[in-house]
Amino acid sequence: MAEDGILNTVRLGTNPDRADLEPLKIGDVVYLSGVIYTGREGVYMRVVEDGAALPLDLPAVSAVNFHCSPAAAERAAGEYDVSAVTATASFRFSKWLGDWFDVSGAKLIIGKGGMSPEDYKQHFVPNDAVYLTTVGYGTGALLGRGVKRVKEVHWLEELGIAQAMWVLEVEAFGPFLVESDLQGNSLFERENERIAARLPEVYAGTKPAVLKRFGETDDRGDELI
Amino acid sequence: MIDIKTIHSTAITLMEKAAIDIPDDYLQAIRKTTEREKNELPRFVLKVMLDNYDAATEDRRAMCGDTGIPRWYVKMGNEARVQGGPIALEEALRQATADATDSIPLRPNRVHPLWRTDHNNNIGIQSPEIEYAYEPEGEWIDLITVHKGGLFGTDYRMLFPSDGIQGIKRFYLDSLVAFGKRGLSCQPAIIGIGLGGSKDACMVHGKRAACLRTVGDRNPDPKIAELEQELTEAGNSIGMGAMGFVGSSMVIDTHIEVGYCHTGGMQMSVHAFCLSSRRACARIFADGRVEYRTDPRWFTPYMRRETIGWPKTESLTQSG
Chain A
1 MAEDGILNTV RLGTNPDRAD LEPLKIGDVV YLSGVIYTGR EGVYMRVVED
51 GAALPLDLPA VSAVNFHCSP AAAERAAGEY DVSAVTATAS FRFSKWLGDW
101 FDVSGAKLII GKGGMSPEDY KQHFVPNDAV YLTTVGYGTG ALLGRGVKRV
151 KEVHWLEELG IAQAMWVLEV EAFGPFLVES DLQGNSLFER ENERIAARLP
201 EVYAGTKPAV LKRFGETDDR GDELI
Chain B
1 MIDIKTIHST AITLMEKAAI DIPDDYLQAI RKTTEREKNE LPRFVLKVML
51 DNYDAATEDR RAMCGDTGIP RWYVKMGNEA RVQGGPIALE EALRQATADA
101 TDSIPLRPNR VHPLWRTDHN NNIGIQSPEI EYAYEPEGEW IDLITVHKGG
151 LFGTDYRMLF PSDGIQGIKR FYLDSLVAFG KRGLSCQPAI IGIGLGGSKD
201 ACMVHGKRAA CLRTVGDRNP DPKIAELEQE LTEAGNSIGM GAMGFVGSSM
251 VIDTHIEVGY CHTGGMQMSV HAFCLSSRRA CARIFADGRV EYRTDPRWFT
301 PYMRRETIGW PKTESLTQSG
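Those protein sequences? They're chains A and B, same order as listed.
Under this note's numbering, the first residue of the first sequence is numbered 1, with each subsequent residue one higher.
Under this note's numbering, the first residue of the second sequence is numbered 1, with each subsequent residue one higher.
Possibly wrong hints are sitting among the right ones.
Unchecked claim - Some chain A residues close to chain B (C-beta under 7 Å, calculated; not the full set):
#1 I161
#2 A209
#3 V210
Think of the hints as simulated: they come from the structure by calculation, not from any bench.
The structure displayed is predicted, hence computed values, not measured ones.
All residues carry an ideal CB built from backbone N, CA and C; glycine is no exception.
Just chain A, with the same shape it has in the complex (with noise of 0.2 Å):
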């Protein structure tokens, strides 16, 4: 990221190879065009868990993996109509994606808040995969322009359409920050540091609560995930 206040843009394709990846900085603007699928608990659940067969050929169908569940209603059959598409938070989904990583193959994950530095370091990092998150939250709408068409749905009947896994042609789709790049630093991480070091002066004077509770931090540092 530059300091002077511009954000650096990349567009992507959805299977980019590791020199694609190596230039992206923490804090990038990214838009992506070509091919991506929606896959959250139901999905790694059904096929990490459960050993079901993916449903497409992966990565060669796409190598972009979307913590979504699309605003989504069917118009007739097999017609779908996908109107707003926003990221779900993430880090509920670090039980199951060093599985998911070696079954799919993904390069690119795609979600709201990132993941745990942990997280990138043993499942990222060795996958040369970056997390890119969604900018909001809540760019709905601006999502929803970039979806061009709905490929494939898998597991519709199954899952629901909320955690379906549906394949998206994709075309200028985003934009995205880069969170976590290829040697795993993140954006979050590195604002939550320059903040955290504010803290001490943001609570003077108040004191801790007279009933305590089971778990109670008083470190501001900590994180919630």
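Position chain B relative to chain A; hints supplied.
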């Protein structure tokens, strides 16, 4: 008598307005916040959000792909009668919720908590919630829908009188800092605070404070109004902005609602509405007129009455 078909069709329109059109009070406040935000990353986030509101309205698409968990607030004037009675009213609101989920479309977010059953229409056991209130006069019904997110940004704590205002401030900061990291609470947001009641009532007061008051509205108690402003400033001084990036765009406004509580306690809840602050309202009159607005006008002197009667009847009693 208020026509049940008008209730159904108005409810569908409200679902669309809530999901697609950012309320004007919130939009103006986001514009001002964007101007004030000095840091490039949160500024970029806010500018993209402003583009997103435009795109939603132009394309008639939902602002956010997570279209929240639709809920209804219903208020009736004392003389209002609904065709078919309250049962027909509830059925019409449930039907409208399902119809709008398909027609807009919304994401069918509502599932069974254990079996994850999804009817693909945002209808299920105890959902959508429908809450009621009344006003002393009038032959009208107000329908208000709120599509709030459902996962982050809300917390409750049992505080005590000895915790004092500083205790309130600390728990407020705790909630903002904890859920603000990585932008989990989708800030900058309208923050609602519930004080008092009991645990469940405190959550209700706080959520209504966040969702049913507009930006700039102040509590009629001047000291509470002052605290609302002080907390907003404190929130914007944390050093955190949109998406948890270094910045100042954290709180759009703070609204506090109180309820009398146990003499030993001072319950507190904090609720962050989101960057899309989805609410829409309409008043339906017995003659069939429908007036749309974005201000719920939920908290009236009657709603906040402190004695057995409300101000009008109270004055009558006192004169005797």
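Cross-check of the supplied hints:
1. At a threshold of 7 Å, the smallest CB-CB gap from I161 (chain A) to chain B is about 5 Å, leaving the interface hint in force.
2. With a least beta-carbon distance of about 6 Å to chain B, the hint placing A209 (chain A) at the interface is held under the 7 Å criterion.
3. Taking 7 Å as the C-beta contact cut-off toward chain B, the hint placing V210 (chain A) at the interface holds, the least distance being around 5 Å.
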